[in-house]
Amino acid sequence: MDRPESAPSGQPGDRPSVPEQRANGDPYLRVRDLRVRFDTTDGVVRAVDGVSFAVERGRTLGIVGESGSGKSVTSLAVLGLHDARRATITGEIFLGGRQLVGLPEEEVRQLRGRDMAMIFQDPLSALHPYYTVGKQIAEAYRVHHPRAGKREARQRAVDMLGRVGIPQPARRFDQHPHEFSGGMRQRAMIAMALVNDPDLLIADEPTTALDVTVQAQILDLLADLQAEFHSAIIMITHDLGVVSQVADDVLVMYGGRAVEHGSVEQVLRRPQHPYTWGLLSSVPSLHGDADADLVPIRGNPPSLINLPSGCAFHPRCRYADRNGDRSRTEVPALSPTGEAGHLVACHLAAEERVRLYREEIAHVGVAR
Amino acid sequence: MSASQVDEAREAGSTAEAEPLLRVRGLSKHFPVRSGLRGRHLVRAVDGLDFDVRPGQTLGLVGESGCGKTTTGRMLVRLLEPTSGSIEFDGRDITHAGRRELRPLRQDLQIIFQDPYASLNPRHTVGRIIAMPLQVNGIKPPGGVKARVRELLETVGLNPEHYNRYPHEFSGGQRQRIGIARALALRPKLVVADEPVSALDVSIQAQVINLLRDLQRDLGLAFVFIAHDLAVVRHFCQRVAVMYLGKVVEIGDRADIYERPQHPYTRALLSAIPDVTKLGPAGRIRLAGDVPTPLDPPSGCRFRTRCWKARDICATEEPALVPRDGGRQATACHFPESGPVGAETGGPVDVTVEEVSK
Numbered sequence: 000m001d002r003p004e005s006a007p008s009g010q011p012g013d014r015p016s017v018p019e020q021r022a023n024g025d026p027y028l029r030v031r032d033l034r035v036r037f038d039t040t041d042g043v044v045r046a047v048d049g050v051s052f053a054v055e056r057g058r059t060l061g062i063v064g065e066s067g068s069g070k071s072v073t074s075l076a077v078l079g080l081h082d083a084r085r086a087t088i089t090g091e092i093f094l095g096g097r098q099l100v101g102l103p104e105e106e107v108r109q110l111r112g113r114d115m116a117m118i119f120q121d122p123l124s125a126l127h128p129y130y131t132v133g134k135q136i137a138e139a140y141r142v143h144h145p146r147a148g149k150r151e152a153r154q155r156a157v158d159m160l161g162r163v164g165i166p167q168p169a170r171r172f173d174q175h176p177h178e179f180s181g182g183m184r185q186r187a188m189i190a191m192a193l194v195n196d197p198d199l200l201i202a203d204e205p206t207t208a209l210d211v212t213v214q215a216q217i218l219d220l221l222a223d224l225q226a227e228f229h230s231a232i233i234m235i236t237h238d239l240g241v242v243s244q245v246a247d248d249v250l251v252m253y254g255g256r257a258v259e260h261g262s263v264e265q266v267l268r269r270p271q272h273p274y275t276w277g278l279l280s281s282v283p284s285l286h287g288d289a290d291a292d293l294v295p296i297r298g299n300p301p302s303l304i305n306l307p308s309g310c311a312f313h314p315r316c317r318y319a320d321r322n323g324d325r326s327r328t329e330v331p332a333l334s335p336t337g338e339a340g341h342l343v344a345c346h347l348a349a350e351e352r353v354r355l356y357r358e359e360i361a362h363v364g365v366a367r
Numbered sequence: 000m001s002a003s004q005v006d007e008a009r010e011a012g013s014t015a016e017a018e019p020l021l022r023v024r025g026l027s028k029h030f031p032v033r034s035g036l037r038g039r040h041l042v043r044a045v046d047g048l049d050f051d052v053r054p055g056q057t058l059g060l061v062g063e064s065g066c067g068k069t070t071t072g073r074m075l076v077r078l079l080e081p082t083s084g085s086i087e088f089d090g091r092d093i094t095h096a097g098r099r100e101l102r103p104l105r106q107d108l109q110i111i112f113q114d115p116y117a118s119l120n121p122r123h124t125v126g127r128i129i130a131m132p133l134q135v136n137g138i139k140p141p142g143g144v145k146a147r148v149r150e151l152l153e154t155v156g157l158n159p160e161h162y163n164r165y166p167h168e169f170s171g172g173q174r175q176r177i178g179i180a181r182a183l184a185l186r187p188k189l190v191v192a193d194e195p196v197s198a199l200d201v202s203i204q205a206q207v208i209n210l211l212r213d214l215q216r217d218l219g220l221a222f223v224f225i226a227h228d229l230a231v232v233r234h235f236c237q238r239v240a241v242m243y244l245g246k247v248v249e250i251g252d253r254a255d256i257y258e259r260p261q262h263p264y265t266r267a268l269l270s271a272i273p274d275v276t277k278l279g280p281a282g283r284i285r286l287a288g289d290v291p292t293p294l295d296p297p298s299g300c301r302f303r304t305r306c307w308k309a310r311d312i313c314a315t316e317e318p319a320l321v322p323r324d325g326g327r328q329a330t331a332c333h334f335p336e337s338g339p340v341g342a343e344t345g346g347p348v349d350v351t352v353e354e355v356s357k
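Chains Z and L are the protein sequences, given in the same order. Numbering follows numbering that gives the first Met the number 0, in which position 320 of the first sequence is assigned residue number 319; successive positions increment by one, without gaps. Numbering follows numbering that gives the first Met the number 0, in which position 59 of the second sequence is assigned residue number 58; successive positions increment by one, without gaps.
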């Protein structure tokens, strides 16, 4: 709350200068040992089971995983959007130095939309169909700027619509969501998310529902806005191509746990977890031998309600047998690989992982 | 099917002389829509398509939303009535064939849907779902229906003992396999697959693509494979047609489309795909804006409003889909590109929406 209130003009440039913020060296968001548990009639679902990561301002963390990996639950926990009656959240979520876990709902609400904001996959369900697009953006501004007048909020909303590349923003302000195309709606939602200059932006599959040419525009736009506002971004996606394009760091999730974490270079170029290998070799590529078979991961993603014992990936892992019973009985810890910042949760010995990747994986899949 | 038959089918697919299994000429579908006070309008969802599919060949129809690819697929299996043009299947004109005329053809012509959740009846067992096409067509396979169902389940990589289970007991990838088994039940010659893998997780996508490839190879099936994902299409199709706003803008063999595309739109599509093999911001061609509405498509070349090469002629004269260099690649463009990907003339463009609006 000690953040300086934006000047009446509400221009993005009013924020404290960037080097100042980075000088203390602490990442803007630090999540440690986050656990999200749902008690259901079918049993306890550990949707997120001990995940840790950090995002600095101006950097992008890509969270990758398939359905049921816990990637969206993680982001909703950061935003405090889980129903406290149904979800049990433990661990630490430090946003700009404040612990969010256990914070009263009202205080989290103050932070949400102002210090952190979210872009959803489907803008049509995130925007209210009854109100004009501009009104919704202006309201998002006034909630956090109670002293701002109607005219000021309108001006701010029009500025943001223009900033995200919507032509004729003053006219578009008065239109309803259904009058916008898919790409324009996604831009409008980005404008709404950014209207209060949040320091953290969480984008959950923001381009999955869009066409590729529009996806390219939106990814460019996010990169431009990040360069301008210096916000921290968490990009949640299943698309490794998107990750390779936007992320600085990558967290790969499987069955509610982190299985690999490191820089984009480390995770996509020198991956050490068999699941990451599987993802990379199952992606069809625009290069290489089009007639070669893809190398899929066998089996299906696990159900969180009935997670395999030990390493959750072991029933699908080609190398699970190399460690006797360990894969089935012991959950592998996320441990350093030896390369700074690169962590992996796998029972295989480090040298063996490096050798397997070089000999069996690197030449297939995207590396084809 | 014996090995020689497979070879025959494969050969037939590769030789240019083979009679097309499917011949589409001038195919169009216009939907009337009411719009406010102005009365009725026509959405030209598909507007004059020409293409052939030979036995055992795979044709990919790619394009963004609203390009008419799904409408085309539905017309091919006659779930939609074409407005004009013709569809010839196996030498017979089926453009306006009635229910009775279609029935024998349905065996040869099947469709796989995108959504493995919506396309299976939740109240029927998997066995019943897969046996349905046999029953409807009054076919009694040697050995009985149950044996054929088990065989089909095995073909698509499912446990044959699971024929008594219900769709909800299966994962998304397995459900798609059930849809594939149902399509194969009548031993079709041509399968229209409408986005068969886009609802699936990445690791499952690869499983289903490999399965379809195996089936295509082993059974000599011809496919019309509809998808928005060009990378997926590249791994499955020998021939590719790129659609934009109801028209084919470019058609050619896989190598031509992916390595030497001539239409600016094809190049833009390819360069827009985020590529795992490249780290950091990528892509040189950025198209401005969204696809225009098919309710009021641009005059002349429909792509001109987003094209960096557009000149006056593009607004007045619609480019025809003409073969170039005497080859098998045809492009509908007044100013086609030549040379490999990345060597565009007039590019690179980096026009943003704001600039266009000025």
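Hints listed in this document are in silico derivations from the structure and should not be mistaken for laboratory results. Fair warning: this is a prediction, and the values are worked out from it, not measured in the lab. There may be inaccurate statements among the hints.
To be verified - Below, simulated DMTMM-like cross-link-like pairs (lysine to aspartate or glutamate); rule was C-alpha separation at most 25 Å, straight line: (1) L:K277 x Z:D288; (2) L:K277 x Z:E204; (3) L:K277 x L:D295.
Now the hints, each set against the structure:
no.: 1; hint: L:K277 x Z:D288; result: holds (17 Å)
no.: 2; hint: L:K277 x Z:E204; result: holds (20 Å)
no.: 3; hint: L:K277 x L:D295; result: violated (38 Å)
Checked against the numbered hints above, the structure violates only hint 3.
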